[in-house]
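FYI, the working numbering numbers position 16 of the sequence shown as 7, with every residue one higher than the one before it.
Simulated from the structure, these hints should not be mistaken for laboratory data. Among the hints, a few may not be true.
Said to hold, decoys possible - Label-pair ranges, simulated between beta-carbon atoms:
| # | residue 1 | residue 2 | range |
| --- | --- | --- | --- |
| 1 | -6 | 17 | 28 to 34 Å |
| 2 | -7 | 28 | 17 to 23 Å |
| 3 | -7 | 13 | 16 to 22 Å |
| 4 | 23 | -6 | 15 to 21 Å |
| 5 | -2 | 20 | 26 to 32 Å |
| 6 | 25 | -5 | 15 to 21 Å |
| 7 | 28 | -6 | 18 to 24 Å |
| 8 | 16 | -6 | 24 to 30 Å |
This structure is a prediction, so every number in the text was calculated from the model and none was measured. Virtual Cβ for every residue (Gly too), placed ideally from N, Cα, C.
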Amino acid sequence: TGLGLYICHEIVQKHGGVLSLEENDSQGTCFVMRLPAGADPFS
């Protein structure tokens, strides 16, 4: 239904990330999640 993809997109976006779609003729379609690196919690 696409609801899971919508929920993933919202969660990633709220964490400052991006959910994108990359198409490749030989391998098909791939969803890519990119999140910013967090600060070092031990510093």
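Hint check:
1. Evaluation of the 28 to 34 Å hint for residue -6 and residue 17 yields a pass: the beta carbon distance comes to about 30 Å.
2. For residue -7 and residue 28, the hinted distance range of 17 to 23 Å is not satisfied, since their beta carbons lie about 29 Å from each other.
3. Look at residue -7 against residue 13: about 18 Å separates their beta carbons, and that is inside 16 to 22 Å.
4. Roughly 20 Å separates the CB atoms of residue 23 and residue -6, a value that falls within the hinted 15 to 21 Å.
5. Residue -2 and residue 20 have their C-beta atoms about 19 Å apart, which leaves the hinted 26 to 32 Å range violated.
6. The supplied range of 15 to 21 Å is met by residue 25 and residue -5, whose beta-carbon atoms lie about 18 Å from each other.
7. Taking the beta carbon of each, residue 28 and residue -6 are about 29 Å apart, not inside 18 to 24 Å as hinted.
8. For the hinted restraint 24 to 30 Å between residue 16 and residue -6, the CB-CB distance of approximately 29 Å keeps it satisfied.
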